[in-house]
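Construct the complete structure from the given sequences, taking the supplied hints into account.
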Amino acid sequence: MARFRLEITKGEEIRYISHLDYARAIERALRRAKLPVAYSEGFNPHMKMAFASALSVGVTSDAEYLDVDMAEDLAEEALASRLKPQLPAGIVLNRSRIIVGRPAALMAVVNLATYRITLPYGAETSADGAAAAVRRFNEVASVSYVKESPKGRREIDVKQYLAEPVELRQAPDGLELAAAIRITPTGSIKPVEVLSVLTGDFGLPGRADGARINRTGLFVSDGERRLTPLEVE
Amino acid sequence: MIQIDPAILSRVTKPARYTGQEWNSIVKAPESVEASFVLAFPDVYEVGLSNLGFKILYHILNSRSGVAVERAYAPWVDMEAEMRRAAVPLCTVESFRPLAEFDAIGFTLQYEMSYTNILNMLDLAGIPVLAAERGDEHPLIMAGGPCAFNAEPLADFVDFFILGEAEEAIVDVAEAVAAWKKAGKPRGKTGILEKVAAIGGVYVPAFYDVAYHGDGTVKAVAPNHAAARPTVTKRIVKDLDEAPFPTEPVVPYLDIVHDRIMLELFRGCTRGCRFCQAGVIYRPVRERRPETLLKLAQELVDSTGYSEMSLTSLSSADYSCLHDTVRQLIDRFKDQGVSVSLPSLRIDSFSIQLAQEVQQVRKSGLTFAPEAGTQRLRDVINKGVTERDLEEAVGAAFKAGWSTVKLYFMIGLPTETDEDVAGIAKLAYKVLDLYKSVTGRRGAKVTVSVSSFVPKPHTSFQWYGQNSIEELERKQRLLKSLLRDRSISFSWHDAPVSFLEAVFARGDRKVGKALLAAWRRGARFDGWSEHFRYDFWLEAFAETGIDPHFYAGRERAATELLPWDHLSAGVDKTFLAREYQRALAGDSTADCRRDQCSACGVCQGLGVNVVDWGAGA
Ligand code: SF4
Numbered sequence: 165m166a167r168f169r170l171e172i173t174k175g176e177e178i179r180y181i182s183h184l185d186y187a188r189a190i191e192r193a194l195r196r197a198k199l200p201v202a203y204s205e206g207f208n209p210h211m212k213m214a215f216a217s218a219l220s221v222g223v224t225s226d227a228e229y230l231d232v233d234m235a236e237d238l239a240e241e242a243l244a245s246r247l248k249p250q251l252p253a254g255i256v257l258n259r260s261r262i263i264v265g266r267p268a269a270l271m272a273v274v275n276l277a278t279y280r281i282t283l284p285y286g287a288e289t290s291a292d293g294a295a296a297a298v299r300r301f302n303e304v305a306s307v308s309y310v311k312e313s314p315k316g317r318r319e320i321d322v323k324q325y326l327a328e329p330v331e332l333r334q335a336p337d338g339l340e341l342a343a344a345i346r347i348t349p350t351g352s353i354k355p356v357e358v359l360s361v362l363t364g365d366f367g368l369p370g371r372a373d374g375a376r377i378n379r380t381g382l383f384v385s386d387g388e389r390r391l392t393p394l395e396v397e
Numbered sequence: 032m033i034q035i036d037p038a039i040l041s042r043v044t045k046p047a048r049y050t051g052q053e054w055n056s057i058v059k060a061p062e063s064v065e066a067s068f069v070l071a072f073p074d075v076y077e078v079g080l081s082n083l084g085f086k087i088l089y090h091i092l093n094s095r096s097g098v099a100v101e102r103a104y105a106p107w108v109d110m111e112a113e114m115r116r117a118a119v120p121l122c123t124v125e126s127f128r129p130l131a132e133f134d135a136i137g138f139t140l141q142y143e144m145s146y147t148n149i150l151n152m153l154d155l156a157g158i159p160v161l162a163a164e165r166g167d168e169h170p171l172i173m174a175g176g177p178c179a180f181n182a183e184p185l186a187d188f189v190d191f192f193i194l195g196e197a198e199e200a201i202v203d204v205a206e207a208v209a210a211w212k213k214a215g216k217p218r219g220k221t222g223i224l225e226k227v228a229a230i231g232g233v234y235v236p237a238f239y240d241v242a243y244h245g246d247g248t249v250k251a252v253a254p255n256h257a258a259a260r261p262t263v264t265k266r267i268v269k270d271l272d273e274a275p276f277p278t279e280p281v282v283p284y285l286d287i288v289h290d291r292i293m294l295e296l297f298r299g300c301t302r303g304c305r306f307c308q309a310g311v312i313y314r315p316v317r318e319r320r321p322e323t324l325l326k327l328a329q330e331l332v333d334s335t336g337y338s339e340m341s342l343t344s345l346s347s348a349d350y351s352c353l354h355d356t357v358r359q360l361i362d363r364f365k366d367q368g369v370s371v372s373l374p375s376l377r378i379d380s381f382s383i384q385l386a387q388e389v390q391q392v393r394k395s396g397l398t399f400a401p402e403a404g405t406q407r408l409r410d411v412i413n414k415g416v417t418e419r420d421l422e423e424a425v426g427a428a429f430k431a432g433w434s435t436v437k438l439y440f441m442i443g444l445p446t447e448t449d450e451d452v453a454g455i456a457k458l459a460y461k462v463l464d465l466y467k468s469v470t471g472r473r474g475a476k477v478t479v480s481v482s483s484f485v486p487k488p489h490t491s492f493q494w495y496g497q498n499s500i501e502e503l504e505r506k507q508r509l510l511k512s513l514l515r516d517r518s519i520s521f522s523w524h525d526a527p528v529s530f531l532e533a534v535f536a537r538g539d540r541k542v543g544k545a546l547l548a549a550w551r552r553g554a555r556f557d558g559w560s561e562h563f564r565y566d567f568w569l570e571a572f573a574e575t576g577i578d579p580h581f582y583a584g585r586e587r588a589a590t591e592l593l594p595w596d597h598l599s600a601g602v603d604k605t606f607l608a609r610e611y612q613r614a615l616a617g618d619s620t621a622d623c624r625r626d627q628c629s630a631c632g633v634c635q636g637l638g639v640n641v642v643d644w645g646a647g648a
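Residue numbers (our numbering), protein chains in the order written: chain B, 165 to 397; chain V, 32 to 648.
Treat each hint with caution, since some may be false.
As the list claims (entries may be wrong) - With a straight-line cut-off of 27 Å between C-alpha atoms, the simulated DSSO-like cross-links for lysine-lysine are:
| hint | chain 1 | residue 1 | chain 2 | residue 2 |
| --- | --- | --- | --- | --- |
| 1 | V | Lys430 | B | Lys198 |
| 2 | V | Lys59 | B | Lys248 |
| 3 | B | Lys311 | V | Lys476 |
| 4 | V | Lys430 | V | Lys461 |
| 5 | B | Lys248 | V | Lys326 |
| 6 | V | Lys326 | B | Lys198 |
| 7 | B | Lys198 | V | Lys365 |
| 8 | B | Lys212 | V | Lys365 |
| 9 | V | Lys45 | B | Lys354 |
| 10 | B | Lys248 | V | Lys86 |
| 11 | V | Lys45 | B | Lys315 |
Derived from the structure by calculation, the hints contain no laboratory data.
In structure tokens, the structure reads:
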């Protein structure tokens, strides 16, 4: 019995698949790899695996984390060598390790996600306008936003989820925003929602639906130090 | 290569329908092949990728080094609107090249109500929908699948059809196209059509003239070209055991309709249900060997990572070595987390026993298809099922712990009376009562699903005049009034859809005009009730002067030349006529699989044999 923690990517090729599709793709890869994954008991057994955080349709990621339980002992290298050839385009196994003991669930410890949002250059691009919008956003103490979900409408303060000021820079393929978003037990905010607040309420030039969003990291943060789930004890 | 704007992809539903990259999909460099094809499915991705026939052809063509074959699907209406607004042409999900850049595009004809999607896909690809308006700079448009057995309604749009099982014919076509290209396309489009017309099973409609009588019926269908044969007969795979089977199918990211391994046990079904077209066009029965199936299953599990395997065939429970094969499959794969399922159950207790083994503890609903409500009518349609069979099967299911049963029926069958319709309700109540007497309590759920009978070409009922929309709706109301118990849920099909299905199932070349007119008005996804616009169709018939009732509701004379008589499934028309007479007399005909040959003509005519490993093989 061993629990493996994996760091994998969600690349451009599969940007538009949902979290469920992504999870299913990994299950199938694990099965093709003939790894001794543990299954739950019951009428409808499923693989014992758990993700740190779900990723939205349209968002790529440099680092997603999941824990997979094995029913038998397995060497650390064996997982990588058997899984890698079975991963579809867009999913790369960066690293993995065996987790000893029974640590808290990934979902419960990860509390910070960093994103890079790229707004492709276009007729409407204005570096100065963007800088001003981001500065205003960073300066205000709170920004209200109405979250619409199947469960209803809820007004939230966007700023309470931002761990640090949004950064702006000019990259070769567009204006780049960097945001660090808190994941709290009572919820979080999506990067696309932060972006729509920026373009909608703060006059950031550009269209939110044309942006490319990439999750650059998931962390366990104590406010000062950021550790990846592979580094925490 | 077309790159779809991320803004578009972020707006449409299920954008992964358009972005490909699936496991086992094959992308070849266009310059590395001699000919490139598209398999185009005239419905959404989730439906199209579930089709076994296309998986087979994808595998066969791509396993040839000189050929590339890619896939395309009908974009959903939201994506279509985006594509038209941004002038994005329809492209494949492998190399994302526009369809117009390929040598040939093959559509599958699974259902008449997908025909407008074919026109729409051609139009979205920037390809003229009318064959006569396409030159050699355009891809060849081909079509196959069950509805190709009456190709006539699509004769104006499709360059050629492949009748029957295309495993071998598609290779012949690919070689012909590659050779024609290599030779510099001699004689242009006519040149390649002459070549393919010589291939068995290929029908080039432009090489035939149709003459009509004054009353609108067909007078003659005659070749107008030396390359055309008077009758085109279907292709068939004689030895299914040797036939290529796709052991590395594309595994989608999206949850598609049949998101599992499909293992085809056998082809054909000779139970002889008289309404069933598949039972005629896939004759005779040819089974795969159990050893072959186990080997294929292992390869499929290894290459896909699927957790479920479905044993598909027209009536899987009829497979001669079913029990053993199922047990071995379950045993071999249970540790790998792979379950086995049977899509269709026969109405007998053997099937229940098997379902119990297969489903283990999970008790999802069981589905049975008595098709008709009374014994008299079941004899007419040659559905060899008695009320006792149903009672035994359902009783065994209830004893085994099932409580949900779904029953499939048809209304509008030949000779049907209101008593037969009421028989459907009686049977449903009987099932409810049975649950009470078996388990001693209430709580069964019975779903009664009723479709409206559509007479299909190449069946014994191909002459039958369909019930009118009013009559079908009256029968639906009658049933609704009889099914008042809250434990019974009742669902039915829209009668206008069944009516149109009948028009195009048995239409001639003239109905193509109405199809074009309806599509121009905006008809597409006609099989999806939320997009079905009957008004478009009525306007289209009025505009083109085509009387749809002439095709749907008219009982055809035995002597009438039918629009599809020059397209042969290998089954004699005299056999079908005989079966129609037997139907009207209420006489049943035995299954030739293990009983005697009923002389349908296919085995002798095509030089094939029934292959059944249980029948003394
Ligand atoms: S020819 Fe005879 S054995 Fe062959 S499919 Fe027809 S009825 Fe069956």
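Outcome of the hint check:
{"no.": "1", "hint": "V:Lys430 - B:Lys198", "verdict": "violated, 38 Å"}
{"no.": "2", "hint": "V:Lys59 - B:Lys248", "verdict": "holds, 23 Å"}
{"no.": "3", "hint": "B:Lys311 - V:Lys476", "verdict": "violated, 40 Å"}
{"no.": "4", "hint": "V:Lys430 - V:Lys461", "verdict": "holds, 16 Å"}
{"no.": "5", "hint": "B:Lys248 - V:Lys326", "verdict": "holds, 25 Å"}
{"no.": "6", "hint": "V:Lys326 - B:Lys198", "verdict": "holds, 17 Å"}
{"no.": "7", "hint": "B:Lys198 - V:Lys365", "verdict": "holds, 13 Å"}
{"no.": "8", "hint": "B:Lys212 - V:Lys365", "verdict": "holds, 16 Å"}
{"no.": "9", "hint": "V:Lys45 - B:Lys354", "verdict": "holds, 19 Å"}
{"no.": "10", "hint": "B:Lys248 - V:Lys86", "verdict": "holds, 26 Å"}
{"no.": "11", "hint": "V:Lys45 - B:Lys315", "verdict": "holds, 21 Å"}
Consistency note: the structure conflicts with the earlier hints numbered 1 and 3.
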